[in-house]
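Protein chains in written order, with my numbering: chain A, 8 to 117; chain B, 4 to 119.
These are calculated hints, taken from the structure and not from any lab test.
The beta carbon of each residue, even a glycine, is placed where N, CA and C say it ideally should be.
Heads up, some of the hints might be wrong.
Mimicking DSBU-like on lysine-lysine, the simulated pairs with C-alpha atoms at most 35 Å apart in a straight line are [said to hold, decoys possible]:
1) A/K72 to A/K22
2) B/K17 to A/K22
3) B/K12 to A/K16
4) A/K80 to B/K17
Simulated DEER-style distance windows between Cβ atoms [what the hints assert, rightly or not]:
5) B/G43 to A/K22: 23 to 33 Å
6) B/G19 to A/A8: 48 to 58 Å
7) B/E62 to A/K16: 12 to 22 Å
8) A/G73 to B/V15: 25 to 35 Å
9) A/K72 to B/T10: 20 to 30 Å
10) B/T18 to A/M91: 43 to 53 Å
11) A/Q49 to B/D41: 35 to 45 Å
12) B/E62 to A/P14: 16 to 26 Å
13) A/G73 to B/S87: 20 to 30 Å
14) B/P64 to A/P14: 37 to 47 Å
15) A/L116 to B/L72: 44 to 54 Å
16) A/P14 to B/N65: 35 to 45 Å
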Amino acid sequence: AQRVTQPEKLLSVFKGAPVELKCNYSYSGSPELFWYVQYSRQRLQLLLRHISRESIKGFTADLNKGETSFHLKKPFAQEEDSAMYYCALGRGGSARQLTFGSGTQLTVLP
Amino acid sequence: NAGVTQTPKFQVLKTGQSMTLQCAQDMNHNSMYWYRQDPGMGLRLIYYSASEGTTDKGEVPNGYNVSRLNKREFSLRLESAAPSQTSVYFCASRVGQGYSGANVLTFGAGSRLTVL
């Protein structure tokens, strides 16, 4: 069975500090990993996905198959980064559904 | 371009009452999903429809039924609401064809349901 673990329910950092949101997964096949974000009073939306290897709003995430992790990082947090972040796992190929982690509420303090 | 539209946004029910959450998408997506969001538990899949005419159970289907009315619409019905079904419900859709962007979901704004 596939599972996504986000060990931190709440995370607070000061503006300008580095931030890392942890995500670990368990899946025996070839995974597809995503980070979704939900800003206050906004819809859940895709932040980034591992196959794109892109940086969005200064965030990056690298898939580490050896450690089965997909941690989200940003070197200098901004107050507008405060949001709920969800890590999600999809099976590769003809996947039909995503499994979400329990989410991490990030608060960036001034 | 509305994307994914859910109605109602808020609803209060008494235990035992029934109701239907409506979802419609205008992006010509093939697959549609219903998730519930609970504090500390993230999003859990209730039901999904990989394509028009098909529906499948997700992680937490008990107490719910769904209908894929056509390609645009996917409704979620609570036949006899229970307090445990108090939650925020999200509808989502995806293209569902090909690999590129295959698992990128577009979400609705959510429906907050309270069962007393």
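Against the structure, the hints come out as follows:
Only pairs whose Cα atoms come within 35 Å are accepted, and A/K72 paired with A/K22 is accepted, the gap being roughly 31 Å. For the proposed pair B/K17 and A/K22, the alpha carbon gap of about 44 Å is over 35 Å, so the pair is violated. For the suggested pair B/K12 and A/K16, the alpha carbons sit about 26 Å apart, so the restraint of at most 35 Å is met. In summary, the hint linking A/K80 to B/K17 is not supported, as the alpha carbons are separated by about 44 Å, beyond the 35 Å threshold.
One distance hint, 23 to 33 Å for the beta-carbon pair B/G43 and A/K22, holds here, with the actual separation near 27 Å. For B/G19 and A/A8, the hinted distance range of 48 to 58 Å is not satisfied, since their beta carbons lie about 34 Å from each other. Distance hint check for B/E62 and A/K16: the Cβ-Cβ separation is about 20 Å, which falls inside the suggested range of 12 to 22 Å. Separated by about 49 Å at the C-beta atoms, A/G73 and B/V15 break the suggested range of 25 to 35 Å.
At about 42 Å, the CB distance of A/K72 to B/T10 disagrees with the hint of 20 to 30 Å. Taking 43 to 53 Å as the suggested C-beta distance range, the pair B/T18 and A/M91 does not conform, at roughly 29 Å. Remark: the range hint 35 to 45 Å for A/Q49 to B/D41 is contradicted by a beta-carbon distance near 19 Å. For the pair B/E62 and A/P14, the supplied restraint of 16 to 26 Å holds, since their beta-carbon distance comes to about 20 Å.
As the Cβ distance of A/G73 to B/S87 is approximately 39 Å, the hint placing it in 20 to 30 Å is violated. With their beta carbons about 28 Å apart, B/P64 and A/P14 fall outside the hinted range of 37 to 47 Å. A hinted range of 44 to 54 Å holds for the C-beta pair A/L116 and B/L72, which are about 47 Å apart. Range check, A/P14 to B/N65: Cβ separation about 28 Å, and the 35 to 45 Å hint is violated.
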